[in-house]
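Listed here are the chains, written in short residue letters.
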Amino acid sequence: MLDAHAIVLSPFETLVLNLSLLAVVAWSIWKAEKSLDSGSDLTILALITIFAITGRILLEPLPNVQPVTVVVLLVGIHYGATRSIGVAAIIAISSNLVMGHGIWTFYQALGWSLVGVTGALLSQSLRVDDKISVPRVAGVSFVVAFAFDWVVSASVLHTLPLETLPVYILAGLPFDLVHGVGNIAFAAWMAEPISDIMSRHSTSREVVVRPVKSSS
Amino acid sequence: MSDRFRLGSTVLLVVVLLLLPFIRDSVNEEVARFVSDSESSHAGLPTEWDENQVICIYFPAEYPHPVYSSGVSMIDAEGSIIGVNNDLNLTGACVGGFEGYTDGMNFMMDATRVAGGHLAVGYSVNPNWGEFVHTIGGLNDQEIQGDFNGAYWSLTHNGRYSVVGIGSLVMEEGDVISWNIETW
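Respectively, the protein sequence lines represent chains A and B.
Here the working numbering runs 93 ahead of the position in the first sequence, where the first position is 1.
Here the working numbering runs 32 ahead of the position in the second sequence, where the first position is 1.
Keep in mind that the hints were calculated from the coordinates and are not lab data.
All residues carry an ideal CB built from backbone N, CA and C; glycine is no exception.
Since no wrong hints were added, every one of them can be taken at face value.
Label-pair ranges, simulated between beta-carbon atoms:
| id | chain 1 | residue 1 | chain 2 | residue 2 | range |
| --- | --- | --- | --- | --- | --- |
| 1 | B | Q177 | A | I143 | 32 to 42 Å |
| 2 | B | V99 | A | I186 | 40 to 50 Å |
| 3 | B | M141 | A | P254 | 25 to 35 Å |
| 4 | B | I113 | A | I143 | 50 to 60 Å |
| 5 | A | L258 | B | W161 | 11 to 21 Å |
Interface residues of chain A toward chain B, partial, derived using beta-carbon atoms under 7 Å:
| id | residue |
| --- | --- |
| 6 | P104 |
| 7 | L263 |
| 8 | P267 |
| 9 | V271 |
| 10 | G275 |
| 11 | A281 |
Work out the full structure: start from the sequences and follow the hints.
Structure representation (structure tokens):
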């Protein structure tokens, strides 16, 4: 939620403002990475995590459209399951400080962890000729959107009886669809640049994509 | 390739976002079919309401309503109390005798208005998830204290937990919705 003090912003104006803020964050992280020594994988992990948290909060005006799922998937592909689980949990907890913390935080952390593990397991198949395959990442990110949402939907079993779950999931399908299509768009825009950055700072243990020659 | 993919996926996202309200409405109509059993949900209500739409508000024992604190008061569409059911082991009020409503929020606002402010509804609107009811009849769910994390107004549709919020609820003839406090 964004309070514009005395100025009342329409939802569309709020969205434009938020998208501009997110563009500034993405641009500054993109620039900052250029001056990092190669092998700064933990710094990159921190910057990417902050980008995902910021993105999720700033894109709140759009229902279920956020960069977290694609980011966690890419972290899983490049840095492996363990780190993606840490990133997934930190993103869920941190962004929910703003968006609302509750029992669903656990399920969101779990859901995104599973997305990261999926990325780690599929890391070999999600690249073509040592380079990340954007269409494949987009395809997987569409599918895991539904899986993630259903994991989070399972949290209603704390309050609703089991037989309600199918209807609850049915009612959520339009939002799952938006999540999936949003993921495709994020993959189209972010998979390559984020993948390049992570490759330049990949751990020696888990080199997936051949490092691109640094311009500096 | 990648530029076309970026442009195409962005356009697709905008289209899906613009169509979302229509997709959601048609899915919610499907959802409404799963909760169309409305016969047993009229139990304990005046029989003349059997074919009509009814809303009930039940208050927790620790936080009774200042007026409807003994049994469940039955209020007709004109605002007159036509009876009190003391056998339900609940306290609160039901307002019934309505027909023709399809939009849950419209129905709730019109029906509670009949009680002349005693059942006034307070809600906030989240741009993503729609209307969120926090206060009914002066009881704000944030004020409820006890041995639990939090409390909220929970919506029941024909005797079952509603899987959608009141703002997305599609109603049919003879439907009964009710609100009671749940904790987590």
